[in-house]
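**Q** Quick note, the numbering used here runs 54 ahead of the 1-based positions in the sequence shown.
For the record, the hints were derived by calculation from the structure and aren't laboratory data.
Hints are supplied without guarantee of correctness; some may be wrong.
Claimed, not checked - Pairs of lysine-lysine, BS3-like flavour, derived with a Cα cap of 25 Å:
#, residue 1, residue 2
1, Lys156, Lys234
2, Lys273, Lys183
3, Lys217, Lys328
4, Lys123, Lys279
5, Lys116, Lys165
6, Lys73, Lys59
7, Lys146, Lys181
8, Lys234, Lys217
9, Lys146, Lys183
10, Lys123, Lys165
11, Lys320, Lys146
12, Lys116, Lys82
13, Lys165, Lys146
14, Lys66, Lys116
15, Lys279, Lys181
16, Lys165, Lys234
17, Lys273, Lys116
18, Lys165, Lys217
19, Lys183, Lys73
20, Lys279, Lys292
21, Lys146, Lys156
22, Lys181, Lys292
23, Lys234, Lys146
24, Lys165, Lys273
25, Lys146, Lys328
26, Lys181, Lys165
27, Lys66, Lys156
28, Lys292, Lys234
29, Lys123, Lys146
30, Lys82, Lys66
31, Lys273, Lys287
32, Lys73, Lys146
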Amino acid sequence: MINPKEIESLVKLLDDPDKEISEHVEDKLLSYGTEVIEYLESAWEQSFDALLQNRLEDLIHKIQFTNVKRELELWYLGGAFDLLQGVIIINKYQYPDMDPQKIINQIEDIKREIWLQMIYESSPVEKVKLINHVLYGIYGFSGNTTNHQDPQNSYISQVIESKKGNQISLAVIYSVIAQKLDIPIYGVNLPQHFILGYVDESNEYGQDSVLFYINAFNKGFIFGKRDVDSFLKQLNLKPESTFYEPCRNEDIVRRILRNLIASYTKLGYDEKVKEIEELLSVVEREK
């Protein structure tokens with residue numbers, strides 16, 4: 055149990071001129087984890103000392119970052135089964151106070167709208183056209199073509215609010231909703247353009263198991279293997295099976311993190327780049 059009086063005493067020592075004392079105090083406060091945050095926020099509100107406020111802000115961020123890192127590691131080591139959960143954990147990096155249930159409920163609302171109109175004897179193409187109608191027609195989602203490098207495009211809470219995202223964030227929302235409806239649509243890790251594949255479940259996973267591809271960034275446009283071939287030819291890339299097959303959830307999360315690194319590098323946010331690289335290393339290590 056946290057003792058508020060003890061926290062109060064520790065906070066007073068945070069700006070101690072003796073570096074050894076202030077570092078020891080910081081370590082002690084960090085050891086409390088997320089439970090201490092509300093006390094630190096309260097101390098921040100009551101303080102008129104800019105230096106102490108900065109120290110408190112840094113401390114709160116450190117605790118939140120450590121928590122995100124731990125959650126991501128548990129998700130990864132636990133098998134990375136729930137893509138939405140992985141994406142919500144990344145969202146917590148920038149929006150630690152965001153209620154994950156709000157995101158889950160928003161996804162459920164879109165799913166329900168599709169489900170109400172769904173005829174289960176529909177063909178795969180008809181099912182995709184219905185998802186497209188609801189996602190792009192009714193809810194108004196679209197690719198962010200004007201500010202494609204914006205890091206906000208990688209945070210699911212912002213994409214759901216603004217209805218604008220990059221290739222991968224829109225593909226994540228699309229595939230998560232489809233899978234909740236038992237429609238076998240999965241992410242495909244195509245270089246420079248993340249796409250989706252509608253899988254023929256009677257086949258084993260593999261190149262020939264994808265019936266067709268979907269471009270979530272371009273309002274769910276449907277295309278075939280030949281289009282992927284010609285896209286790779288334009289990039290002067292040799293076709294590899296991984297460019298055509300469904301990828302794993304951890305591959306998707308890695309790609310989101312790499313997008314964030316590129317976005318923050320362009321903006322010159324070196325500290326954020328360093329932190330996101332740290333998160334990436336968590337999902338790149340051997341299990």
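**Q** Please go over all the hints and tell whether each is borne out by the structure.
**A** Each hint tested on the structure:
This hinted pair checks out: Lys156 and Lys234 have alpha carbons roughly 17 Å apart, not beyond 25 Å. Simply put, Lys273 and Lys183 have alpha-carbon atoms about 10 Å apart, close enough for the 25 Å limit, and the pair holds. Of the supplied pair hints, the one linking Lys217 and Lys328 is violated, its CA atoms being roughly 29 Å apart against a limit of 25 Å. Distance check on the hinted pair: Lys123 and Lys279 sit about 38 Å apart at the alpha-carbon level, beyond 25 Å; violated.
Of the supplied pair hints, the one linking Lys116 and Lys165 is violated, its CA atoms being roughly 36 Å apart against a limit of 25 Å. Distance check on the hinted pair: Lys73 and Lys59 sit about 23 Å apart at the alpha-carbon level, within 25 Å; holds. Proposed proximity of Lys146 and Lys181 is contradicted: the alpha carbons are some 32 Å apart, above 25 Å. Of the pairs offered as hints, the one joining Lys234 and Lys217 holds, with about 20 Å between alpha carbons and a cut-off of 25 Å not exceeded.
For a cut-off of 25 Å, the pair hint linking Lys146 to Lys183 is broken: about 32 Å separates their Cα positions. For the given pair, Lys123 sits about 30 Å from Lys165 by alpha-carbon distance, which is inconsistent with the 25 Å threshold. Only pairs whose Cα atoms come within 25 Å are accepted, and Lys320 paired with Lys146 is accepted, the gap being roughly 22 Å. For the suggested pair Lys116 and Lys82, the alpha carbons sit about 13 Å apart, so the restraint of at most 25 Å is met.
Between the alpha carbons of Lys165 and Lys146 the distance comes to roughly 23 Å, so the proposed pair stays at or under 25 Å and holds. The straight-line distance between the Cα atoms of Lys66 and Lys116 is roughly 19 Å, inside the 25 Å bound, and the hint therefore holds. A distance of roughly 20 Å separates the Cα atoms of Lys279 and Lys181; the hinted pair therefore holds under the 25 Å criterion. At roughly 7 Å between alpha-carbon atoms, Lys165 and Lys234 fall within 25 Å of each other, so this suggested pair holds.
With a C-alpha separation of about 39 Å, the suggested pair Lys273 and Lys116 falls outside the 25 Å cut-off, and the hint is violated. Between Lys165 and Lys217 the alpha-carbon distance is near 15 Å, which keeps this suggested pair within the 25 Å criterion. For the given pair, Lys183 sits about 62 Å from Lys73 by alpha-carbon distance, which is inconsistent with the 25 Å threshold. With a C-alpha separation of about 14 Å, the suggested pair Lys279 and Lys292 falls inside the 25 Å cut-off, and the hint holds.
Pair hint Lys146 plus Lys156 holds up; C-alpha atoms about 13 Å apart against a cutoff of 25 Å. At most 25 Å may separate the alpha-carbon atoms for a hinted pair to count; Lys181 and Lys292 exceed this at roughly 32 Å. Taken as a hint, the Lys234 and Lys146 pair is honoured in the structure, with Cα atoms around 23 Å apart against an allowance of 25 Å. A distance of roughly 17 Å separates the Cα atoms of Lys165 and Lys273; the hinted pair therefore holds under the 25 Å criterion.
For the hint pairing Lys146 with Lys328, the CA-to-CA distance comes to about 16 Å; that is within 25 Å, so the pair holds. Taking the CA atoms of Lys181 and Lys165, the gap is near 12 Å; set against the 25 Å cutoff, the hint holds. About 36 Å separates the Cα atoms of Lys66 and Lys156, which puts this hinted pair outside 25 Å; it is violated. Straight-line distance between C-alpha atoms of Lys292 and Lys234 comes to about 34 Å, which puts the hinted pair past the 25 Å bound.
Annotation: proposed proximity of Lys123 to Lys146 holds, straight-line Cα distance about 10 Å (limit 25 Å). Our distance criterion of 25 Å between C-alpha atoms is met by Lys82 and Lys66, whose separation comes to about 13 Å. Taken as a hint, the Lys273 and Lys287 pair is honoured in the structure, with Cα atoms around 24 Å apart against an allowance of 25 Å. The suggested pairing of Lys73 with Lys146 is violated, with an alpha-carbon distance near 31 Å, which exceeds 25 Å.
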